[in-house]
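Peer 1: Each chain, written out:
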Amino acid sequence: MSQSTLLTVSPSPHVHTQLTVKQIMWRVVIAMVPALLISLYNFGISALLITMMAILFCALTEYLIVKYLLHQEVTLFDGSAVITGALLAFNVPTNLPIYILLVGSVVAVGIGKLSFGGLGNNPFNPALVGRVFLLISFPVEMTSWPVPGGLLSGIDAVTGATPLGLLKDGLRSGLAVPEIMSEAPGYLSMFIGTQAGSLGEMSSLALLIGLIFMLQQKVITWHVPVAVIASVFAFSGLFWLIDPTQYADPIFHVLSGGVMLGAIFMATDYVTSPVSHRGMLIFGLGIGFFTVLIRLFGGYPEGISFAILIMNAFVPLINKYAKQHRYGTGRKAAFEVSEKELVH
Amino acid sequence: MSINLGNTLKTFHQGGIHPDDAKLSADAAIKPLPTPKIVTIPIAQHIGKPAKILVQRGDMVKAGQIIATHEGFVSANIHSSVCGKVGVIDEMMDSTGFKHTAITVRVKGDDWAEEIDLSKDLNRSINDSAKEIVEKIMAAGVVGMGGAAFPSHVKLSVPEGKQVDHLLINGVECEPFLTADHRLMLERPEEILVGTQILMRALGVKKAVICIEDNKHDAIDLMSSKLEDYEGISVQGLQVKYPQGGEKQLIQAVLDREVPSGGLPVDVGAIVHNVGTTYAVYQAVQKNKPLVERVVTVTGRSLETPSNFLVRIGTPVVNLIAEAGGLPEQAGKVVSGGPMMGKAIADLNVPIAKATSGILIIDEEESKREQEYNCLHCGKCVEVCPIGLEPYYLMLLAKNHKTSETSQEHILDCMECGSCSWVCPSNRPILDYIRLGKSEVKKTQTA
Amino acid sequence: MNETVISTILILTSLGIVAAIILYLVSKRFYVKEDPRIAEVEEALPATNCGGCGQPGCRAFAEALVKASDLSELHCPVGGNEVMKEVADILGLEAVEKDPYIAVVRCSGSFEHRKKTNIYDGSASCTIAAELYSGDTGCAYGCLGLGECEDVCDFDAIHINPITGLPVVIEDKCTACNACVTACPKDIIELWPVGRKSQRIYVACINEDKGGTARKSCSVACSGCSKCMEECGYDAISISNNLASIDFEKCKLCAKCVGVCDAQSIIADNIPIARLEKLEAKRQREAEKKKLEAQKAKEAAKAAKA
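Protein chains in written order, with my numbering: chain A, 136 to 479; chain B, 204 to 650; chain C, 614 to 919.
Rather than coming from a laboratory, the hints here were simulated on the basis of the structure.
Watch out, some of these pointers could steer you wrong.
Unchecked claim - Within a straight-line C-alpha distance of at most 30 angstroms, the following computed BS3-like cross-link-like pairs (lysine-lysine) qualify:
hint: 1; chain 1: A; residue 1: Lys467; chain 2: B; residue 2: Lys490
hint: 2; chain 1: B; residue 1: Lys302; chain 2: C; residue 2: Lys728
hint: 3; chain 1: C; residue 1: Lys728; chain 2: B; residue 2: Lys571
hint: 4; chain 1: A; residue 1: Lys458; chain 2: A; residue 2: Lys157
hint: 5; chain 1: A; residue 1: Lys458; chain 2: B; residue 2: Lys213
hint: 6; chain 1: C; residue 1: Lys895; chain 2: C; residue 2: Lys911
hint: 7; chain 1: B; residue 1: Lys240; chain 2: B; residue 2: Lys252
hint: 8; chain 1: B; residue 1: Lys546; chain 2: C; residue 2: Lys863
hint: 9; chain 1: B; residue 1: Lys571; chain 2: A; residue 2: Lys157
hint: 10; chain 1: B; residue 1: Lys429; chain 2: B; residue 2: Lys234
hint: 11; chain 1: A; residue 1: Lys202; chain 2: B; residue 2: Lys602
hint: 12; chain 1: C; residue 1: Lys829; chain 2: B; residue 2: Lys571
hint: 13; chain 1: B; residue 1: Lys490; chain 2: A; residue 2: Lys353
hint: 14; chain 1: C; residue 1: Lys891; chain 2: C; residue 2: Lys863
hint: 15; chain 1: A; residue 1: Lys458; chain 2: B; residue 2: Lys602
hint: 16; chain 1: B; residue 1: Lys602; chain 2: C; residue 2: Lys786
hint: 17; chain 1: C; residue 1: Lys698; chain 2: C; residue 2: Lys680
hint: 18; chain 1: B; residue 1: Lys252; chain 2: C; residue 2: Lys823
hint: 19; chain 1: B; residue 1: Lys605; chain 2: C; residue 2: Lys786
hint: 20; chain 1: C; residue 1: Lys829; chain 2: B; residue 2: Lys240
hint: 21; chain 1: C; residue 1: Lys829; chain 2: B; residue 2: Lys302
hint: 22; chain 1: C; residue 1: Lys729; chain 2: B; residue 2: Lys602
hint: 23; chain 1: B; residue 1: Lys410; chain 2: A; residue 2: Lys353
hint: 24; chain 1: B; residue 1: Lys252; chain 2: B; residue 2: Lys429
hint: 25; chain 1: B; residue 1: Lys240; chain 2: C; residue 2: Lys895
hint: 26; chain 1: B; residue 1: Lys546; chain 2: A; residue 2: Lys467
hint: 27; chain 1: B; residue 1: Lys240; chain 2: A; residue 2: Lys353
hint: 28; chain 1: B; residue 1: Lys213; chain 2: B; residue 2: Lys252
hint: 29; chain 1: B; residue 1: Lys288; chain 2: C; residue 2: Lys698
Please build the complete structure, drawing on both the sequences and the hints.
Peer 2: Take a look at the structure:
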């Protein structure tokens, strides 16, 4: 019984789950692969290029700022900069000039994340901060999407409008929804992802595969994505029921634009979403509401990015008031007492 | 409220985790451990006041003889677990990590006190009244053997105005690695059932439920097959989920009631006793045998033979490890209890106490904590908390000594199950700081 | 175009004026009258908000001071007598002089003297470790070295020395605010009067174990041998619970006790080494003298026998 080596003493628990930050981050990256593959098929190599560049820019920004501005230990390999980069890339057109992407990356990581104290302290989703910054600063570049042409088509594909853009423009020029819809791609092609759009947002199918993977790996819970999608469906459906000639149907709203990408990858960001399940549902509900509001009555054709950022701002408030049920409070804790009172 | 006897598995409704249950010693039959040369018996092995010492250095004592008597009601008698001569009585390190007064007994022979029935025969006829049962349990120094070590006679004395309709026998053993209760159920099922009936009579309840998690299917089957002769007792299978063995979770799982915040199980008409305690109750009431030995699991991934031993209270931990193949080379940590709520011990000579359910040896590489990262607000700790607290937030508040805020956030409801620390992907020591917060709140309450 | 500019300017200006009026009225309406001396006293205080005075902050202390009728119970340890004098002048009260205090660390069990018996791997908080168990050395009383005192110090005046693992107080910076004293779960840190010429003598050990047990876990533990007590000519040292302690009110700083301690657990702060050496030389001379005398007596006895 040699006790030459000293025993370790620490407070319980003495075991820990295998699922750590690093693994979670890399699992999210894996979950994004199907959407990237669809994009690769649609837009060719430029999709991969944009994604890689965005990741590189974000990682580099983080590295340089942390090392030379903050003089801290570089925590690059937790993978969060990679996710921010990839998500930013997913939210831009594949024909975006590289310098604009660079600006977006610097804003996303530098302002969106590090200026608040790094991962865990940022109130807003960094990729969306970058995306919205670009959308406002470079509206033309950010809204001229290449038309998908298959893997073998050249990079100089013609640019075209997204289904949401078609809808907005059509309504502005006084057309009724059914007329516009005849020009828009069908639901099946929107589900698989052959319409124009930002890099990672086109294929609902690929994004759903990513969601299933993340759910199965217990990276996220169903609450946020389901709440967002259901809420978009419900609010857009409400307007559609009121006037089908002025408002598109809810399936169109769910499948078009960035709803799937936003619901599955952007709104589920740990740092900027509520902690309790109840809070997550409220958060998702709000995102859907604001998305539909902006899409139907706002100046932009798409509103999910703004909606998520708006709801990000409400997260502290949601966390404060949408607490989960506390054991030993409420009806079941008083159950026996009331029954006894009946007996006596 | 009816309890279904069927195969539907119940579980508690909120939070919980699924750590690897690693019941390495599940098939190892209970083996009596050779009596050590010397035992160290702490006089405070229970919640409440330490017992008052009755012996002096040099006295001869028999096994089962009382050596320290309870001081006040919330306290427990202490008996010598061996026959021999009382040695040093001094402050000694025990498995709590602190020094407490303990009595050492140097073993000589193996005489037991006369009144103790040492036969193995099952005695099914319960002749004592409720009052006599509680007195016998009190005299035998029986305490909660699942880990809390709350004196059992206190739990059996239902306060005026409260009514109990259910007795739950806790055979959940949700802590990974531990198998002491599992083996006891497999090897002494009838004694446990008689013990259950004794407790039912003491409490005056008509219904008792033996609760067993589904990873002990053999125990569920065996106990169910013996039920015929025992009226009012049923067996409830439960889904495997930690911390199901917590009183509050068990009551929620089986009865769908919640112990009010700051209250006791008796407030919702339930009393929970561990199967080990139930067995000790049988021994105390039917055999006049005080609590001087218990089943202890000795286990660990690199341990040669993970085992279950019947151990005399006061045996040094080192003896158990030696009997299970010796301390492995790669051992880094030795835990008294299970991996989730057990206490790491620094000194292998500390004695086994009444509530020591296991000795777990953790390998060097698993015994160190990983690097801590920022909180991501991922909400996983909130999701797994079986009480519905917000562990990440409590840690933050406790770290900044915000005592009144932590108190408002129900920090005292935390039962320190460790699920939050277990699940945290950033390896944050959440429970460390919640404990700190709890002790600060308690300090302000007593001040 | 011009019209737009003008109207914009007009609207913004009138908005500003309206807002200013509202603000003015609100501030008038809700004006809280307070004793102007509170602000004055607060100005005089060091504004560290350390809590050393027993109040939650300087503002609260200023309020307490203004309310007080005499200053004997109130003292700002950070500002010291100087600040209290200033406060007394403002309030027209008599200043009460108080001896300045300083934190002393009553443990000298460095890594070298106190071997580790296990490795602590929990959170780096002394309180958490202290609630978990008796510590990572054999001594259940000694410093845990996790630096809670350092963390709570607002004045950068106490630091864990990485070589010894023990806290060291920087005399010039310590304000005796009591923060480290309350933070230390082992109660190792105490406040002592700074002393004449900053000289202090104290027992740097609080181990109450029996001598042998204490010494086994730490080579500089006080064993309660009472040699120092016998040496002291001023009745300043007492032994209780196997532990010597010095009463600073009785200690005359003669430093005789310092040399007799086998464990070297009596610490002399700022006492010139020359004086300690002189004492030591004297002690040796006396010891030799005694030895000689004993020898002589022995010889005399022998001679008498013969």
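Peer 1: Next, verify each hint and record whether it holds.
Peer 2: Hints, verified against the model:
no.: 1; hint: A:Lys467 / B:Lys490; in the structure: violated, 40 angstroms
no.: 2; hint: B:Lys302 / C:Lys728; in the structure: holds, 18 angstroms
no.: 3; hint: C:Lys728 / B:Lys571; in the structure: holds, 20 angstroms
no.: 4; hint: A:Lys458 / A:Lys157; in the structure: holds, 28 angstroms
no.: 5; hint: A:Lys458 / B:Lys213; in the structure: holds, 25 angstroms
no.: 6; hint: C:Lys895 / C:Lys911; in the structure: holds, 24 angstroms
no.: 7; hint: B:Lys240 / B:Lys252; in the structure: holds, 29 angstroms
no.: 8; hint: B:Lys546 / C:Lys863; in the structure: violated, 46 angstroms
no.: 9; hint: B:Lys571 / A:Lys157; in the structure: holds, 18 angstroms
no.: 10; hint: B:Lys429 / B:Lys234; in the structure: holds, 24 angstroms
no.: 11; hint: A:Lys202 / B:Lys602; in the structure: holds, 28 angstroms
no.: 12; hint: C:Lys829 / B:Lys571; in the structure: holds, 28 angstroms
no.: 13; hint: B:Lys490 / A:Lys353; in the structure: violated, 51 angstroms
no.: 14; hint: C:Lys891 / C:Lys863; in the structure: holds, 23 angstroms
no.: 15; hint: A:Lys458 / B:Lys602; in the structure: holds, 21 angstroms
no.: 16; hint: B:Lys602 / C:Lys786; in the structure: holds, 26 angstroms
no.: 17; hint: C:Lys698 / C:Lys680; in the structure: holds, 17 angstroms
no.: 18; hint: B:Lys252 / C:Lys823; in the structure: holds, 25 angstroms
no.: 19; hint: B:Lys605 / C:Lys786; in the structure: holds, 28 angstroms
no.: 20; hint: C:Lys829 / B:Lys240; in the structure: holds, 25 angstroms
no.: 21; hint: C:Lys829 / B:Lys302; in the structure: holds, 16 angstroms
no.: 22; hint: C:Lys729 / B:Lys602; in the structure: holds, 27 angstroms
no.: 23; hint: B:Lys410 / A:Lys353; in the structure: violated, 39 angstroms
no.: 24; hint: B:Lys252 / B:Lys429; in the structure: violated, 39 angstroms
no.: 25; hint: B:Lys240 / C:Lys895; in the structure: violated, 54 angstroms
no.: 26; hint: B:Lys546 / A:Lys467; in the structure: violated, 33 angstroms
no.: 27; hint: B:Lys240 / A:Lys353; in the structure: violated, 52 angstroms
no.: 28; hint: B:Lys213 / B:Lys252; in the structure: violated, 37 angstroms
no.: 29; hint: B:Lys288 / C:Lys698; in the structure: violated, 69 angstroms
In terms of the numbered hints stated before, the structure departs from hints 1, 8, 13, 23, 24, 25, 26, 27, 28, 29, listed from lowest to highest.
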